Amino acid sequence: MKNMQFFNLKRFGKYAACSLISNYRQILLFWGAIWFAVFAFTLVIISNSHSMWNNDGWMPFFIIVFCISGLLYTGFAFPSFRNKKRTLTELMIPVTAFERLVYEFFEKVVAFFILYPPVFFISSSLAVVIRNTFAFKITRAEVNGIETFPFEIISFDKLYTNLEPGLFGMFFMLAVLGFVLVFAGAATFRKLPLIKSIVVFGLIFLAVIGYMYMLLEKLGLRNSWLLILEHNITAKQGFMIGSLIFGLISLTALTYTYFKLKEKEAS
Amino acid sequence: MEAMIEISKLNFKYGKQVKLFDQLSFTEQTGRIVGLLGKNGAGKSTLLKLMSGLLEAPQKPITIIGETPFDRPPRFLEEVYLVPEEYELPSVKIGEYVKAHAPFYPSFDSEKLHQILLDFELNTNNRLSKLSYGQRKKFIIAFALSTNCKLLLLDEPTNGLDIPSKAIFRKVVAASLADDQLVVISTHQVKDVENLIDTLLILDRGQVKMHSPIWNIAQKYAFTTVSRLNDGEVLYSELAPGGYKIITEDNSTASDIDMELLFNAVINNANLKQ
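Those protein sequences? They're chains A and B, same order as listed. Residue numbering for the first sequence follows numbering that gives the first Met the number 0, starting at 0 and increasing by one per position. Residue numbering for the second sequence follows numbering that gives the first Met the number 0, starting at 0 and increasing by one per position.
Rather than coming from a laboratory, the hints here were simulated on the basis of the structure. The model shown is predicted, which means the values in this text are computed figures rather than measured ones. Watch out, some of these pointers could steer you wrong.
Below, simulated EDC-like cross-link-like pairs (lysine to aspartate or glutamate); rule was C-alpha separation at most 20 Å, straight line [stated by the list, open to error]:
hint	chain 1	residue 1	chain 2	residue 2
1	A	Lys-263	B	Asp-70
2	B	Lys-170	B	Asp-108
3	A	Lys-263	B	Glu-77
4	A	Lys-84	B	Asp-178
5	B	Lys-111	B	Asp-178
6	B	Lys-190	B	Asp-255
7	A	Lys-190	B	Glu-87
One side of the interface only, derived from the structure: several residues of chain A facing chain B at Cβ under 10 Å [what the hints assert, rightly or not]:
hint	residue
8	Asn-7
9	Lys-13
10	Ala-16
11	Ser-21
12	Gly-31
13	Asn-82
14	Thr-95
15	Val-101
16	Glu-163
17	Glu-262
18	Lys-263
Think of the CB as a built atom: it goes at the ideal place given N, C-alpha and C, for glycine as much as any other residue.
Sequences are here, hints too, so could you generate the full structure?
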């Protein structure tokens, strides 16, 4: 019975339906904006470029849009907590803080990780097809005196194959960490959650870096455990340790988010 | 009868401000409509928020339906509905809102909602964001009554309602309540709920100044208007057109209660026994 009060699948389903009915317009608007932004930027980039998009040249663009749009989307998690009146209504909905957390995490982080690649693929591919058609039909394969060529439709295979084993996993966990930190910020700050999260976690990051620098460089601890670690583990093991650390920090941040939700008041 | 609300020695203040409640205590049972009265800033809305678990009370002095409100377990939230004075509703149609929120309440009565919406002249195709403040208020009151929650907390429910709607409000509240329910109506517009409430709870300076059934007050006191004051009998008087409105001790006949006069008498520390 206690567990039923903590997480109940039926109640979670009701809450998901309730949130989607209340917020579907904002969600559609966001994904429409992402789709259009990727399409428009792709078109602009490849209409002025003759080599960048081929092979894995699209990857920096993919990652930049992923980071910016993802952090913007996640930064607006818990939209009801942006103002007092909606906070009050939201907190009276009969769900647990854990159910609220799980739903919001799925909608704002997991769904973004799943939906972003196909949305990017579809909109950028459409831009590539339009550009190729336009270049060949109108300019007869020549733009400003330079011979044009068909751009490749992007392929996600290169995400894995061009990277060292374990590195992709570590980058993935780093991305998860970034999103989770902003997610935690959205549960904590009422106004400007994204900016405040970036500032606060940026300061914490700088403090950690400064502390590590002091330990390793100023106090000369580099010659002890770090040196032993450097010489006794492979790159793959190092990436795995990195993934583990990022995962643990993410879990800690999610636990913090849970308690922020549980203690939320509508004053 | 089992107490639905139990508050024992509640102390509460916002941050470093002065105490809003100082050792405030009272209990309340089911089957009643309680009028929660107090001056502006007396803490009526805060008390409703504390009772619904929207604010945390130190030392857990509040028990509602056997639960500590701030724990906010779903079984508690399924039985407590708060209509706040100010709220924001999503930009969806009334029907969509009901479809999204009604499943959370096990005793939700769709037919009752339909009937109250008809009484208030609201259509389920109306979009909530297009409604006026008063219409939105009517909708949220209709929804609250239809949940059949055991405890309904209404904060200034008649604010923004036009005169016919206030009459309909009184009618639907009185008609739609069951014996196992309790309604607490917070208001400073005492006239609006005068003929609706059966228990009076007056807050002042962090304390309960009066907590009494209406019939008890009606039996003990007489509320009349006189042209001249006679010293000795009058417990409280106010200048009024044509003379004075007075409260006297009268055990012989039950009289209609002048709620405003009573409220002023309590706030001004008139010597009224409960």
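Hints and how they fare:
1. This hinted pair checks out: Lys-263 of chain A and Asp-70 of chain B have alpha carbons roughly 11 Å apart, not beyond 20 Å.
2. For a cut-off of 20 Å, the pair hint linking Lys-170 of chain B to Asp-108 of chain B stands: about 18 Å separates their Cα positions.
3. The suggested pairing of Lys-263 of chain A with Glu-77 of chain B holds, with an alpha-carbon distance near 19 Å, which does not exceed 20 Å.
4. Between the alpha carbons of Lys-84 of chain A and Asp-178 of chain B the distance comes to roughly 31 Å, so the proposed pair goes past 20 Å and is violated.
5. A C-alpha spacing of about 17 Å is found between Lys-111 of chain B and Asp-178 of chain B, which places the hinted pair at or below 20 Å, so the restraint holds.
6. Taken as a hint, the Lys-190 of chain B and Asp-255 of chain B pair is honoured in the structure, with Cα atoms around 13 Å apart against an allowance of 20 Å.
7. Restraint check for Lys-190 of chain A and Glu-87 of chain B: the C-alpha separation of about 17 Å stays at or below 20 Å, so the hint holds.
8. Interface hint status for Asn-7 of chain A: upheld, as the beta-carbon distance to the closest one in chain B is roughly 7 Å, under 10 Å.
9. Look at Lys-13 of chain A: its Cβ gets to within about 5 Å of chain B, closer than 10 Å, so that hint holds up.
10. With a least beta-carbon distance of about 6 Å to chain B, the hint placing Ala-16 of chain A at the interface is held under the 10 Å criterion.
11. Annotation: interface hint on Ser-21 of chain A holds; nearest CB of chain B at approximately 4 Å, less than 10 Å.
12. At its closest, the beta carbon of Gly-31 of chain A sits 17 Å from a beta carbon of chain B; the interface hint therefore is violated under the 10 Å criterion.
13. Checking Asn-82 of chain A against chain B by beta carbon gives a least distance of about 7 Å; that is within 10 Å, so the hint holds.
14. Hint on Thr-95 of chain A holds. Least Cβ distance to chain B is approximately 6 Å, under the 10 Å limit.
15. Of the supplied interface hints, the one on Val-101 of chain A is violated, with its beta-carbon coming no nearer than about 14 Å to a beta-carbon of chain B, more than 10 Å.
16. At about 48 Å, the closest approach between the beta carbon of Glu-163 of chain A and any beta carbon in chain B exceeds 10 Å, and the interface hint on this residue is violated.
17. The closest approach between the C-beta of Glu-262 of chain A and any C-beta of chain B is roughly 7 Å, which is under the 10 Å cut-off, so the hint is satisfied.
18. The beta carbon of Lys-263 of chain A comes within 9 Å of a beta carbon in chain B, closer than 10 Å, and the hint placing it at the interface holds.
When held up to the earlier numbered hints, the structure conflicts with 4, 12, 15, 16 and fits the remainder.
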